[in-house]
Amino acid sequence: MEIELKLYGSSKILSDKDALKIELPNNSKIEKLRYILSKIISEKYSKSNLENLPKTAAFFSEKNEVVNDNYKLKDKETISIIPPIGGG
Amino acid sequence: MNLHVALVNIEESKSSLEKAKKFIASKKNGAESIFVGKVRNENDKKEVIAVTYDTHDEAVIKSFQSICNIAKDKFGKNAKIFLEHAKGYTLVGEISILIAVGTSHRDEAFKICRYILEEVKSQSPIWKKEHYTDGKEEWLPGHSLRPKKEIK
Chain A
0 MEIELKLYGS SKILSDKDAL KIELPNNSKI EKLRYILSKI ISEKYSKSNL ENLPKTAAFF
60 SEKNEVVNDN YKLKDKETIS IIPPIGGG
Chain B
0 MNLHVALVNI EESKSSLEKA KKFIASKKNG AESIFVGKVR NENDKKEVIA VTYDTHDEAV
60 IKSFQSICNI AKDKFGKNAK IFLEHAKGYT LVGEISILIA VGTSHRDEAF KICRYILEEV
120 KSQSPIWKKE HYTDGKEEWL PGHSLRPKKE IK
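Chains as they are written, first to last, in numbering that gives the first Met the number 0: chain A, 0 to 87; chain B, 0 to 151.
Next comes chain A alone, as it looks inside the complex (with noise of 0.2 Å):
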């Protein structure tokens, strides 16, 4: 299946893109799609200090919700990574 991830702050080094597809096996939960995330950044963006983003990201479902890593993902589902935040 597949995922839309919406990126965010720092997460936007991943992708030229305001989001990006990202393949799971069906039935995935966020902590899938953390693994993959941490993958995907050790293979092409080892140099750019987002090493600890899979596991300090929060993720947010389409009601803009945090959704917990027992969090089940559905196919074409829409998810944004919310890396730590920091306004004011």
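Please keep in mind that the hints were generated in silico from the structure rather than gathered at the bench. Each hint should be verified, as a subset may be incorrect.
With a Cα cut of at most 20 Å, we get these calculated SDA-like pairs of lysine to any residue [unchecked claim]: (1) Lys71/A with Asp15/A; (2) Lys5/A with Lys20/B; (3) Lys128/B with Thr51/B; (4) Lys31/A with Arg145/B; (5) Lys147/B with Arg33/A.
Cβ pair distances, simulated, as ranges [unchecked claim]: (6) Lys38/A with Leu16/B: 32 to 38 Å; (7) Lys27/B with Lys43/A: 35 to 41 Å; (8) Val35/B with Pro24/A: 27 to 33 Å; (9) Asn51/A with Asp43/B: 28 to 34 Å; (10) Ser45/A with Gly134/B: 55 to 61 Å; (11) Arg105/B with Ala18/A: 44 to 50 Å; (12) Asn25/A with Arg39/B: 45 to 51 Å; (13) Glu1/A with Val35/B: 42 to 48 Å; (14) Ala18/A with Thr132/B: 30 to 36 Å; (15) Lys37/B with Glu42/A: 21 to 27 Å; (16) Val65/A with Asp72/B: 18 to 24 Å; (17) Arg39/B with Glu30/A: 56 to 62 Å.
We put the beta carbon where it would ideally sit given N, CA and C, even for glycine.
Let chain A serve as the given structure and place chain B on it in line with the hints.
Okay, now just chain B, sitting in the frame of chain A:
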């Protein structure tokens, strides 16, 4: 209307102190507290020329409304509150966040203003990328919204 919250796209508009003062003005006010956060020219011994604020717009507005409503419940139900935050490429000296609070008494005005500022920093999905005089740029570290019990 006692509450105004917004993200201000810097390329189209600027936060205005006059607009904030006008919004909270009331003959019932015995106190008005205004906080103006600005982009400063130095951070961590690096010369800053600008900051880009990235935002998750819908979640930011939702968090602003929630924070302000909680602040009113905690400190002053009749408070008039104005809250704006910059979005986009913001030069040194420009306003990043503007909070204005009008209340009957000074204590609640101070408390609401401070509460909103701290909660925006810890809850609202806003990110900063600093741009330096040497041409480099960097996303700043921040506060994780991931549930603490999940972080090993």
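Going through the hints against the structure:
1. Lys71/A with Asp15/A: At roughly 27 Å apart (the allowed maximum being 20 Å), Asp15/A and Lys71/A break the hint.
2. Lys5/A with Lys20/B: violated, 36 Å
3. Lys128/B with Thr51/B: Distance ~5 Å between Lys128/B and Thr51/B Cα, so the pair holds.
4. Lys31/A with Arg145/B: holds, 15 Å
5. Lys147/B with Arg33/A: Since the Cα atoms of Lys147/B and Arg33/A sit roughly 16 Å apart, the hinted pair holds (cutoff 20 Å).
6. Lys38/A with Leu16/B: 32 to 38 Å: About 48 Å separates the Cβ atoms of Lys38/A and Leu16/B, which means 32 to 38 Å is violated.
7. Lys27/B with Lys43/A: 35 to 41 Å: Since the Cβ atoms of Lys27/B and Lys43/A sit about 58 Å apart, the hinted range of 35 to 41 Å is violated.
8. Val35/B with Pro24/A: 27 to 33 Å: For Val35/B and Pro24/A the Cβ distance comes to about 50 Å; the hint is violated.
9. Asn51/A with Asp43/B: 28 to 34 Å: Violated - the Cβ-Cβ distance for Asn51/A and Asp43/B, about 18 Å, lies outside 28 to 34 Å.
10. Ser45/A with Gly134/B: 55 to 61 Å: violated, 23 Å
11. Arg105/B with Ala18/A: 44 to 50 Å: holds, 47 Å
12. Asn25/A with Arg39/B: 45 to 51 Å: holds, 49 Å
13. Glu1/A with Val35/B: 42 to 48 Å: holds, 45 Å
14. Ala18/A with Thr132/B: 30 to 36 Å: Since Ala18/A and Thr132/B have Cβ atoms about 32 Å apart, the given range 30 to 36 Å holds.
15. Lys37/B with Glu42/A: 21 to 27 Å: violated, 40 Å
16. Val65/A with Asp72/B: 18 to 24 Å: Holds, since Val65/A and Asp72/B (Cβ atoms, about 22 Å apart) stay within the stated range.
17. Arg39/B with Glu30/A: 56 to 62 Å: Violated, at about 39 Å.
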